[in-house]
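*Asks:* Okay, here's what each chain looks like letter by letter:
4 protein chains.
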Amino acid sequence: MKSLAVTTDHQLEIVEIPDPVIGEDCVLCKTISCGVCNGTDTKILHGTFKGFNTYPCLIGHEAIGEVIEVGKKVKQWKIGDHITLPYLEVGPDGKYAGYYSGWSAYSEYTVARDWQAMAELGNGPGTPGFWEGYYTQKVLPKDIDPVYGAMVNTLREVLNACKTFGFGSGQSIVIFGAGPVGLTFTTFAKLLGVKSITVTDILEEKRDEALKAGADHFINGSKEDVITEARKIYPNGADHVLDAVGINSIINTAMHIVKDFGQICVYGISPTLGMELNWADAPYNWSLKFLQFPNKVDEAAAHDQIINWVRMGVIDLKDYVSHIIPFEKILDAFAMVERKEPCKKIVIKY
Amino acid sequence: MKSLAVTTDHQLEIVEIPDPVIGEDCVLCKTISCGVCNGTDTKILHGTFKGFNTYPCLIGHEAIGEVIEVGKKVKQWKIGDHITLPYLEVGPDGKYAGYYSGWSAYSEYTVARDWQAMAELGNGPGTPGFWEGYYTQKVLPKDIDPVYGAMVNTLREVLNACKTFGFGSGQSIVIFGAGPVGLTFTTFAKLLGVKSITVTDILEEKRDEALKAGADHFINGSKEDVITEARKIYPNGADHVLDAVGINSIINTAMHIVKDFGQICVYGISPTLGMELNWADAPYNWSLKFLQFPNKVDEAAAHDQIINWVRMGVIDLKDYVSHIIPFEKILDAFAMVERKEPCKKIVIKY
Amino acid sequence: MKSLAVTTDHQLEIVEIPDPVIGEDCVLCKTISCGVCNGTDTKILHGTFKGFNTYPCLIGHEAIGEVIEVGKKVKQWKIGDHITLPYLEVGPDGKYAGYYSGWSAYSEYTVARDWQAMAELGNGPGTPGFWEGYYTQKVLPKDIDPVYGAMVNTLREVLNACKTFGFGSGQSIVIFGAGPVGLTFTTFAKLLGVKSITVTDILEEKRDEALKAGADHFINGSKEDVITEARKIYPNGADHVLDAVGINSIINTAMHIVKDFGQICVYGISPTLGMELNWADAPYNWSLKFLQFPNKVDEAAAHDQIINWVRMGVIDLKDYVSHIIPFEKILDAFAMVERKEPCKKIVIKY
Amino acid sequence: MKSLAVTTDHQLEIVEIPDPVIGEDCVLCKTISCGVCNGTDTKILHGTFKGFNTYPCLIGHEAIGEVIEVGKKVKQWKIGDHITLPYLEVGPDGKYAGYYSGWSAYSEYTVARDWQAMAELGNGPGTPGFWEGYYTQKVLPKDIDPVYGAMVNTLREVLNACKTFGFGSGQSIVIFGAGPVGLTFTTFAKLLGVKSITVTDILEEKRDEALKAGADHFINGSKEDVITEARKIYPNGADHVLDAVGINSIINTAMHIVKDFGQICVYGISPTLGMELNWADAPYNWSLKFLQFPNKVDEAAAHDQIINWVRMGVIDLKDYVSHIIPFEKILDAFAMVERKEPCKKIVIKY
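Chains as they are written, first to last, in full-length UniProt numbering: chain A, 1 to 350; chain B, 1 to 350; chain C, 1 to 350; chain D, 1 to 350.
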């Protein structure tokens with residue numbers, strides 16, 4: 001089968017590798033779609049993903065697969081099921097066909113493991129190697145388009161982040177960045193009952209998108225002083241200030257905006273890992289919370305609510321996807337990302 | 001002005017009473033609309049409202065009013081604002097123009113009090129007479145129709161109840177009653193991420209409505225054994241069983257359905273106040289939670305989320321209202337309720 | 001080895017049964033001590049334990065055992081460790097040597113299973129038969145006397161109940177019953193920061209014990225009207241009313257005492273399972289919470305705090321134990337319980 | 001009366017100022033005792049207290065006063081009551097007798113305000129100037145010595161911090177600093193059920209004190225590598241790492257010790273306000289929480305539990321106090337602090 005590798009000299013390459021052979025606790029999936037992740041995928045590509053340093057590797061981690069073969073111990077899935085987040089697993093040498101794992105989900109065939117079947121085989125919760133990520137491999141209902149359905153993987157993460165950050169009734173939030181992630185946070189925070197949201201971005205054309213997504217206010221950071229404007233809206237400061245971009249200096253700005261006992265939330269991953277902070281800019285009591293690799297148990301818990309919202313028409317997956325590109329042209333898709341062309345989610349279709 | 005009274009012999013009567021004179025901490029409202037509450041209004045009418053025994057009284061408690069006069073200490077409201085939950089307040093004798101208070105909100109003019117202005121006058125939080133209900137008097141944004149807006153008062157209560165009962169991700173709920181209240185609970189529980197909802201009612205025609213509202217399963221209680229069917233769906237029992245009707249025997253049935261450490265939630269108010277319970281039917285660990293008069297601080301906290309949902313198109317207030325009836329015909333509206341004609345919310349328009 | 005059986009005609013009998021043979025995931029324990037449980041043990045004896053109907057059976061469930069043999073997969077325990085809550089496990093026929101299980105912990109030898117070793121053998125969390133009770137089998141530190149240490153099993157349950165009921169800062173609690181359970185609740189609630197505790201009992205001699213245990217007030221229920229006196233102390237009602245006795249009529253009394261949005265907590269198990277309740281006596285909003293078989297995950301979570309309290313001198317296990325009786329005289333111990341002789345915990349010593 | 005001032009050139013001076021005249025909502029207190037706060041007091045003295053820059057000022061904020069005069073609106077206090085946290089209030093010019101307020105509690109006479117009486121006078125919750133600090137002015141029971149009782153003010157703060165940081169069952173904590181604050185955190189965390197505590201300090205003589213206070217492990221930071229040793233004890237990292245000293249570099253060290261989804265808690269106040277952080281040292285998900293000026297509502301909520309612990313003998317206030325110094329010698333007390341002589345709390349007695 002074909003897959004997408006990052007070489008040791010940080011180039012993308014479509015490679016031919018053997019099809020996966022599944023264990024008794026696994027299902028084999030024909031990959032239907034896989035979302036391109038501007039964050040993790042490109043960081044692995046460029047060698048800037050914190051804590052990751054093994055190349056060549058296979059990448060991709062936002063797939064939907066259709067079950068085409070079922071291991072005999074598996075109980076929760078059957079032939080034809082659409083599954084979220086299938087992967088490829090590595091062997092004892094840490095590799096799959098000579099490649100390290102960057103989750104490998106761009107492969108034409110992928111695998112999901114039934115955690116309950118794992119438990120019966122002695123590899124379940126409580127055993128050394130058990131990975132909670134298996135909890136996130138869940139059935140995508142058939143009435144949801146499995147190509148756009150790749151978006152469910154991302155939306156679960158953002159909803160989980162909203163809950164981990166504690167967004168809720170009566171609160172005020174200032175969100176830095178009106179890209180796809182920032183706007184999704186805007187919509188979800190509003191659905192969760194947040195009272196007032198201000199989005200700030202340096203592009204004026206983001207104003208309408210932000211307001212449409214649910215923002216109450218927009219600050220154009222290229223024309224206005226964000227601290228001054230945010231303080232006009234929230235004289236006592238905002239309950240939360242969210243970095244949905246991943247630029248360290250946002251934290252310094254946010255310290256001037258967050259209220260006493262408020263929280264600065266960092267979801268974006270800065271490519272620069274060190275920074276100078278000045279506590280004098282912040283209130284007496286505040287938190288800085290980094291959420292950069294979601295807890296898989298919590299992410300799994302967000303599945304139902306996203307599925308409910310999609311089925312009830314509260315959110316439309318198509319609103320979050322700008323391009324559907326066949327796997328054959330996946331290098332074009334990445335080229336587009338590299339050129340930083342404005343887009344929402346790109347989904348690779350198989 | 002005109003208002004709606006319940007006489008000492010439990011008859012409804014449109015009466016003429018003086019217009020309210022407001023204090024410095026109040027706004028005078030021209031009543032725009034007021035929802036008919038099948039629960040409280042009719043119980044007061046029939047003398048079966050627990051703890052209420054003072055007649056004649058004025059009723060109504062789901063109004064929207066437009067501010068037409070502003071007390072000089074008031075800060076949070078201005079002329080033209082639409083306000084949720086205005087009332088009439090009684091004098092030192094506990095009456096308004098000779099009538100006791102059943103909240104009196106069917107009156108043509110009503111009053112809201114600014115709790116912050118109250119505080120500055122020495123009547124705020126911490127003083128003996130302070131009523132937290134003032135927190136629920138909030139601005140209804142102008143882009144929401146103020147006639148259908150009366151529904152916001154009800155929806156806040158139901159959303160608050162969902163949160164007080166603790167409905168959330170991964171849970172299963174069995175809801176007794178597919179009337180307007182039961183269906184609203186169904187939709188809201190689903191929006192809050194509940195995994196599986198079963199609605200049961202004795203009318204087959206409620207099946208489609210329940211499924212449309214978000215139910216995953218429907219049990220026709222007149223044809224099927226509810227306990228048996230519910231246990232098929234939830235072999236270990238349901239996390240929550242909700243009485244959205246107000247019939248004591250539902251609690252006895254629910255004991256057979258609720259799971260260990262589960263909760264029976266009583267939102268409907270039974271006209272019969274005593275009952276026989278048999279612990280043997282329930283699991284070892286369970287709760288019975290009565291929520292029959294919402295905490296006003298919590299109800300106020302639900303305001304933002306309902307407003308957000310309305311403005312984002314998640315819910316449509318028109319879906320919850322079946323009749324808009326002019327105040328002149330309010331007795332016809334109540335006659336309809338007395339005949340138990342199938343309907344959703346009736347809103348009285350002024 | 002010897003063990004204690006309840007015969008089919010509900011008699012206690014010391015019986016001779018084979019020693020346990022342990023699996024790879026188990027440790028064999030020499031039983032050191034086992035607390036007598038006036039609740040569960042005597043209910044099983046008399047055939048009134050809800051949901052239990054299989055005789056003859058072996059009883060006892062509050063043991064401490066010393067590890068004398070270690071299964072080869074076991075990691076968390078070693079020879080000589082003192083373990084809380086060892087049991088005997090039944091075979092595929094649901095029996096051990098012909099006896100059903102009432103937890104069987106009065107046996108001279110008992111067994112604990114390492115849940116992590118179970119997981120590696122395919123019987124861990126997520127598999128059908130997994131029992132969370134294994135989490136409660138924890139090491140009792142060597143500096144705690146293992147005879148009095150049997151009390152740790154009970155105290156964990158009560159502390160867990162306090163947390164499940166939500167006892168905490170600023171609250172008021174009325175506790176029915178100044179027996180060992182009621183007094184332990186009194187002390188623990190006070191340690192958890194509860195502001196005011198009133199204990200009521202029908203014996204005047206309990207007054208001093210209650211005050212010493214941490215009560216702020218005592219009501220003698222045989223001389224004073226409990227509702228009247230409790231309402232004098234808490235004019236708006238109490239946050240919690242706890243039945244630490246297990247008499248249905250306490251719930252009816254409690255309804256008059258609990259405040260709006262308060263909770264009636266039932267920890268004692270009434271031998272009579274049905275009762276008549278009158279909602280009219282209660283406030284609009286209230287809960288009735290039954291906790292009669294603790295959640296084992298939560299009970300395990302209480303272990304550390306009890307151990308800390310014992311080691312820091314906050315509580316003295318000896319204060320909770322009135323009799324230490326050798327296993328040979330266990331029938332005398334039960335006779336004493338049957339005669340309802342006033343006592344605290346009886347611990348059987350091996 | 002006499003009081004303690006910090007002059008514009010940052011010198012301490014005993015000054016003579018007029019006695020306070022109380023309002024209707026206040027009580028006048030004869031100051032009994034006041035704790036010396038090595039943190040705030042000395043920072044104000046040296047001009048390094050974040051956000052404070054008004055001199056000359058009066059300092060002291062850990063007093064106990066005995067009520068000697070009661071304003072006519074006051075309800076919660078009476079003559080003879082011992083009150084926690086009385087202050088002096090400034091006039092409209094922000095001063096008391098020409099001095100700005102550093103809380104002024106070293107004065108011979110101090111004042112407490114009854115927040116409920118304030119509410120009735122129109123200055124309660126909801127009014128612009130209302131200060132939640134009034135909630136912390138509570139009665140110290142007469143059976144607690146009011147000189148040592150000054151310690152209650154401090155202990156409430158630390159207990160509140162433990163709860164705000166979320167210390168509880170099953171957790172592991174590494175505490176930097178075995179001074180009085182660090183040791184109090186150690187004891188309180190243990191009382192709250194924390195499973196394992198490691199204390200680190202650079203003085204070997206702190207080892208025994210730390211273990212006695214409840215620590216499970218001690219690392220001598222002057223002889224051992226703290227990161228290496230802490231990782232040996234907690235291979236996956238610690239749930240919480242607490243800076244109880246106030247040195248920025250502790251945060252950098254803590255990043256290597258905190259587990260994924262763990263929290264670095266900063267209670268000590270660093271005199272240096274800026275620092276360089278390197279995200280690369282931390283896990284993917286973590287929080288940095290600064291608590292440097294407690295929320296007064298929460299601090300008040302900790303009062304009951306501290307009082308309970310003192311009265312039940314769980315903690316002995318005398319263990320926390322090393323010196324009781326008469327007010328006449330208060331300058332000697334501060335000289336001792338300046339010399340950094342090893343000591344626990346110094347209490348000034350009037």
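These are computed hints drawn from the structure, not numbers from a lab.
Misleading hints may appear alongside valid ones.
For lysine-lysine, the following BS3-like pairs were computed, each having C-alpha atoms within a straight-line distance of at most 27 Å [as the list claims (entries may be wrong)]:
1) C:163 <-> D:163
2) A:296 <-> D:259
3) D:223 <-> C:195
4) A:78 <-> A:43
*Asks:* Quickly compare the C-alpha distance for residue 78 (chain A) and residue 43 (chain A) to 27 Å and report which way the hint goes.
*Replies:* Distance of about 35 Å is beyond 27 Å: violated.
*Asks:* Does the alpha-carbon distance linking residue 223 (chain D) and residue 195 (chain C) stay inside the 27 Å limit?
*Replies:* Not satisfied, since the Cα-Cα distance of roughly 45 Å exceeds 27 Å.
*Asks:* Taken at face value, is the distance from the CA of residue 259 (chain D) to the CA of residue 296 (chain A) at most 27 Å?
*Replies:* 16 Å, holds
*Asks:* Within 27 Å, alpha carbon to alpha carbon, are residue 163 (chain C) and residue 163 (chain D)?
*Replies:* Given pair residue 163 (chain C), residue 163 (chain D) holds - Cα atoms ~15 Å apart, limit 27 Å.
Violated hints, listed in ascending order, are 3 and 4; each of the other numbered hints is respected by the structure.
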